[in-house]
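Asks: Residues per chain are reported as follows:
Protein chains: 2
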Amino acid sequence: MGKHKLTPELMDIIAERFKALGEPARLQILDAMRDGEATVTELVDATGLGQANVSKHLGLLHGLGFVTRRKEGLYVYYSLADRNVFRLCDLMCTRVETETTARKRVLAAR
Amino acid sequence: MGKHKLTPELMDIIAERFKALGEPARLQILDAMRDGEATVTELVDATGLGQANVSKHLGLLHGLGFVTRRKEGLYVYYSLADRNVFRLCDLMCTRVETETTARKRVLAAR
DNA sequence: CTACTATATTACCATACAGTATTTAATGAG
DNA sequence: CTCATTAAATACTGTATGGTAATATAGTAG
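Just so you know, the protein sequences line up as chains E and U, in that order.
With the first letter of the first sequence counted as 1, position 99 gets the number 98 in numbering that gives the first Met the number 0; the numbers rise by one all the way through.
With the first letter of the second sequence counted as 1, position 15 gets the number 14 in numbering that gives the first Met the number 0; the numbers rise by one all the way through.
Simulated from the structure, these hints should not be mistaken for laboratory data.
Hints may be right or wrong, so weigh each one.
Put simply, identical chains are the same to the list, so a pair is met inside one copy or across any two.
What the hints assert, rightly or not - With a straight-line cut-off of 20 Å between C-alpha atoms, the simulated EDC-like cross-links for lysine to aspartate or glutamate are:
| hint | residue 1 | residue 2 |
| --- | --- | --- |
| 1 | Lys18 | Asp89 |
| 2 | Lys4 | Glu96 |
| 3 | Lys18 | Glu8 |
| 4 | Lys103 | Asp44 |
| 5 | Lys4 | Asp34 |
| 6 | Lys4 | Glu98 |
| 7 | Lys70 | Asp44 |
| 8 | Lys4 | Asp81 |
| 9 | Lys4 | Glu71 |
| 10 | Lys55 | Asp89 |
| 11 | Lys103 | Asp81 |
| 12 | Lys18 | Asp34 |
| 13 | Lys70 | Glu36 |
| 14 | Lys103 | Glu41 |
Quick caveat: nothing in here was measured; it's all calculated off a predicted structure.
Produce the complete structure using the sequences and hints provided.
Replies: In structure tokens form, the structure reads like this:
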């Protein structure tokens, strides 16, 4: 299972990525790009967040390699660099499910 | 791939979990429990973090269902509730790898 | 050139939170 | 009982960061 050994440096790197996903606004933005590339304005509309806010989040996501950018005229098109992000979300969902079922089991047992 | 649809509420929950993993100290703690349950003192020794700090992180991890606790006399034994955590880390490592190789490719191309 | 649009950046504020020192609670030893 | 040990809780501080307003930058159109 653990084909990557977690050195302290690697843990810092991993933690930085997890932290990037640990923000609902950024998950929203990534989710809004699920169906393909999107401009900043489109992402602003899709998420309801402010323009500066979206731009800042996109800068961070781009800096960490989660998204790629492509400039065309006035617009900047962002797209997912790696759809594994959704695999991560899916795995985390499974985590939450087992957690809640475990809680239910505990509640039922008393 | 996405068998879970990411509703806003679910995204909040997922983000909360990711944020929990987005902290090197907590990854260290989880990693220290890889080989089995451990007391707080053992985790303090293994990580080099302060006792109060470890205790607080453990409280958070326990609250989110990442770890279970078992009290025995003076000691409290913590253990992983779900080894999927390491799968998440592994997946994230793959993320980082593709990211760095992509960066290398860009650098080599110019 | 000016005017307009899209995006990025800067500055600022408020909140969240990691870390630590200290205290409290619980258990066990003598 | 007292004293020591373990862990959790509390209080506090400093820092990081999300959100937003204002500004800057870049591209386009006229």
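Asks: For which of the previously enumerated hints does the structure constitute a violation, in increasing order of number?
Replies: The structure breaks hints 4, 9, 10, 12, 14; every other hint is satisfied.
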